[in-house]
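A.B. asks: With the hints as extra help, turn the sequences into a complete structure.
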Amino acid sequence: MAEEHPILVTSDLTIRFGGHVAVDQVSCSFDRGTLTAIVGPNGAGKTTYFNLISGQLHASSGRVTLNGEDITRMSVPERTDRGIGRAFQLTNLFPTLSVRENVRLVAQSRARKGFDLFSIAESHVELLERADHVLAEVRLIDQADQIVSALPHGDQRKLEVALLIALGPQVLMFDEPTAGMSVDEVPVILELIQKLKADMDRTILLVEHKMDVIRSLADRIIVLHNGELVADGDPAEVIALPVVQEAYLGKAPEAA
Amino acid sequence: MLTKLLSGDTPRSGLLTLLLLIVLISLAFAPFLFPGTKSLETAARICIFIVLVASYDLLLGYSGIVSFAHTMFFGIGAYGTALALSTTGPSYWSLIWGTATGAVVAAVFALAIGLFSLRVKAIFFAMVTLAVASAFAVLVSQMSWLTGGEDGLNYRIPRELTPAFKLVDEKILGVRINGKLLAYYLVFFASAALFLLMLRIVNSPFGRTLKAVRDNAFRAEAIGYRVVWYRTTATVLSAIMAALAGSLLAVWLRYTGPATTLSMEIMIDILLMVVIGGMGTLYGAVLGATLFILAQTYLQNLMGVAAEVTSAVPVVSTLVAPERWLLWLGVLFILSVYFFPSGIVGRLRAGRA
Ligand SMILES: Nc1ncnc2c1ncn2[C@@H]1O[C@H](COP(=O)(O)OP(=O)(O)OP(=O)(O)O)[C@@H](O)[C@H]1O
Ligand SMILES: [Mg+2]
Chain A
198 MAEEHPILVT
208 SDLTIRFGGH
218 VAVDQVSCSF
228 DRGTLTAIVG
238 PNGAGKTTYF
248 NLISGQLHAS
258 SGRVTLNGED
268 ITRMSVPERT
278 DRGIGRAFQL
288 TNLFPTLSVR
298 ENVRLVAQSR
308 ARKGFDLFSI
318 AESHVELLER
328 ADHVLAEVRL
338 IDQADQIVSA
348 LPHGDQRKLE
358 VALLIALGPQ
368 VLMFDEPTAG
378 MSVDEVPVIL
388 ELIQKLKADM
398 DRTILLVEHK
408 MDVIRSLADR
418 IIVLHNGELV
428 ADGDPAEVIA
438 LPVVQEAYLG
448 KAPEAA
Chain B
232 MLTKLLSGDT
242 PRSGLLTLLL
252 LIVLISLAFA
262 PFLFPGTKSL
272 ETAARICIFI
282 VLVASYDLLL
292 GYSGIVSFAH
302 TMFFGIGAYG
312 TALALSTTGP
322 SYWSLIWGTA
332 TGAVVAAVFA
342 LAIGLFSLRV
352 KAIFFAMVTL
362 AVASAFAVLV
372 SQMSWLTGGE
382 DGLNYRIPRE
392 LTPAFKLVDE
402 KILGVRINGK
412 LLAYYLVFFA
422 SAALFLLMLR
432 IVNSPFGRTL
442 KAVRDNAFRA
452 EAIGYRVVWY
462 RTTATVLSAI
472 MAALAGSLLA
482 VWLRYTGPAT
492 TLSMEIMIDI
502 LLMVVIGGMG
512 TLYGAVLGAT
522 LFILAQTYLQ
532 NLMGVAAEVT
542 SAVPVVSTLV
552 APERWLLWLG
562 VLFILSVYFF
572 PSGIVGRLRA
582 GRA
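So the protein sequences, as listed, match chains A and B.
Per our numbering, the first sequence runs over residues 198 to 453.
Per our numbering, the second sequence runs over residues 232 to 584.
It is possible that part of the hints are untrue.
What the hints assert, rightly or not - According to the in silico footprint, chain B covers these stretches of chain A (three or more CB under 8 angstroms from chain B): (1) 297 to 310; (2) 316 to 323; (3) 367 to 381.
To be verified - Some but not every residue of chain B turned toward chain A, in silico, with C-beta under 8 angstroms: (4) 238; (5) 241; (6) 244; (7) 442.
Claimed, not checked - Across the chosen pairs, the derived CB separations fall in these ranges: (8) B:562 / A:344: 40 to 46 angstroms; (9) B:374 / A:215: 46 to 52 angstroms; (10) A:264 / B:369: 51 to 57 angstroms; (11) A:308 / B:342: 24 to 30 angstroms; (12) A:215 / B:328: 30 to 36 angstroms.
In case anyone wonders, no lab produced these hints; they're calculated from the structure.
Computed from a predicted model, the values in this text were never measured in an experiment.
Note that beta-carbon positions come from the ideal geometry of N, C-alpha and C, so glycine has one too.
C.D. replies: Below, the structure is given as structure tokens:
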């Protein structure tokens, strides 16, 4: 694995908000077909690190490269086109549209049909089928016709994951995907991530607080603390490190 | 077949279907059902405003963009046709090139405003449109050598579209079959075609994307949509449609001036019609425009009658004096927004079993 070119690399990636350095010279590379867990206390900069990779925020300094191409200055949709996809920590959906339409829009974007002005959207059956296929995977098919804003929180979290699966990018970033889900819903999502991981082409970055989840899924853990990368390695090793124990002290490991 | 014509976007409510059918039939047979110059004027205005209001809803309702420049685009279309007819004579060729030029100029303006200001905050776009529209109105009234200034332009249109042209000598169903009637049907069918075209656009993959951008632009970007391009395209399409509606008005009135096309009052009327009918549904534009223009045209008369009847009662008769019609329109508006926050169409659709 180490011989292969990493798919995603961040070099000295830094962002400052005023005087506050939220991500501080993080250099890290991610190999194809691996799942890396990113841990760290609240405010460590995990979400901000994701934002820098997927383009919602632009780096103050440092670089992001994908497949050897420098994407640091690219816009969000340009990065999406190149294979970076993201599920959000705070649910971020199309609230007035139906569940199916939310996923269909992703399929439509992938099929590059957004600028088709004169056909009827519903006549593109393949997009609807794709949407229903993904909805069946995340067990949301029975809610397909509901309006998203009326959906319970757990189902919205599932839909959040469904959008990312429908996008089917090379690099998938999950930001606490199971936070706020009921215990019986969590395994559905973990199983899906497991399945995505089995597809060797994909690279997964997962922000997660639940240590048991990390143990069962991650090939590697990196630890962020005050925006800095403080540990990087095998799950068992990293979890044993004092800095990690410390970071999770005063915060129940199972809490979201 | 019919569903296809409506782009799969059926009214989805029995009462709404009925109301729309009443409007459609009334407009289609207006010259025969409501003889008289004033009612024909009203019917033509309703047709044109349905297109204008629907094109505004494309922005406000479907894309979540607030613009105050819609009457500017309406005016550009009207002046395009008017100037062509007054400079190159009352031929169909003038009609076509004037209308096409108006639409192209409107598109270019919309593209420039969109690319310049849709990248930033929504409020900035609204302010830019307000500024540009005001400047444009001033410019039109200043350049009187070209535009006729505040007086506007009077011009002739192709003879076949004027009352002087008789198609048949006898009256049919008590109605003269003349050029005015042809002009009405030109307005009617052109409006219907433009409406159906817009209905197709909002139900296309593009239209669906607009709704997504409106709902959550941030997420739309994250799934690969270039939000600025979509917003700009919506602005351009909306401007073209408004310009075409303006051209229809120019043909119908044989007059184009600031008061009939560019005034802020019309801009506010359009806003009210969209909101009353229901944002984000083109059928709302049909009902909003119809009700509003009927009220605008006949409320004054109705109040005149009411004032006479109640002339003995002091306070009431002042309240219903015809000059107060705008007040009552305001009251109607507030009531309708209060009781139907999602517009008439939203209310009717929600009410279905
Ligand atoms: N747009 C912003 N402007 C200013 N400060 C920001 C911005 N985004 C993040 N920050 C700050 O950067 C720091 C890191 O935040 P971030 O959301 O990345 O933490 P996190 O590790 O994801 O935490 P959590 O576990 O709570 O999700 C915080 O102090 C936050 O207040
Ligand atoms: Mg976070």
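A.B. asks: Confirm or reject each hint.
C.D. replies: Hint by hint, here is what the structure shows:
{"no.": "1", "hint": "297 to 310", "result": "holds (count 8)"}
{"no.": "2", "hint": "316 to 323", "result": "holds (count 6)"}
{"no.": "3", "hint": "367 to 381", "result": "violated (count 0)"}
{"no.": "4", "hint": "238", "result": "holds (5 angstroms)"}
{"no.": "5", "hint": "241", "result": "violated (12 angstroms)"}
{"no.": "6", "hint": "244", "result": "violated (17 angstroms)"}
{"no.": "7", "hint": "442", "result": "holds (6 angstroms)"}
{"no.": "8", "hint": "B:562 / A:344: 40 to 46 angstroms", "result": "violated (33 angstroms)"}
{"no.": "9", "hint": "B:374 / A:215: 46 to 52 angstroms", "result": "holds (50 angstroms)"}
{"no.": "10", "hint": "A:264 / B:369: 51 to 57 angstroms", "result": "holds (54 angstroms)"}
{"no.": "11", "hint": "A:308 / B:342: 24 to 30 angstroms", "result": "holds (26 angstroms)"}
{"no.": "12", "hint": "A:215 / B:328: 30 to 36 angstroms", "result": "violated (57 angstroms)"}
Going through the hint list in order, the structure does not satisfy hints 3, 5, 6, 8, 12.
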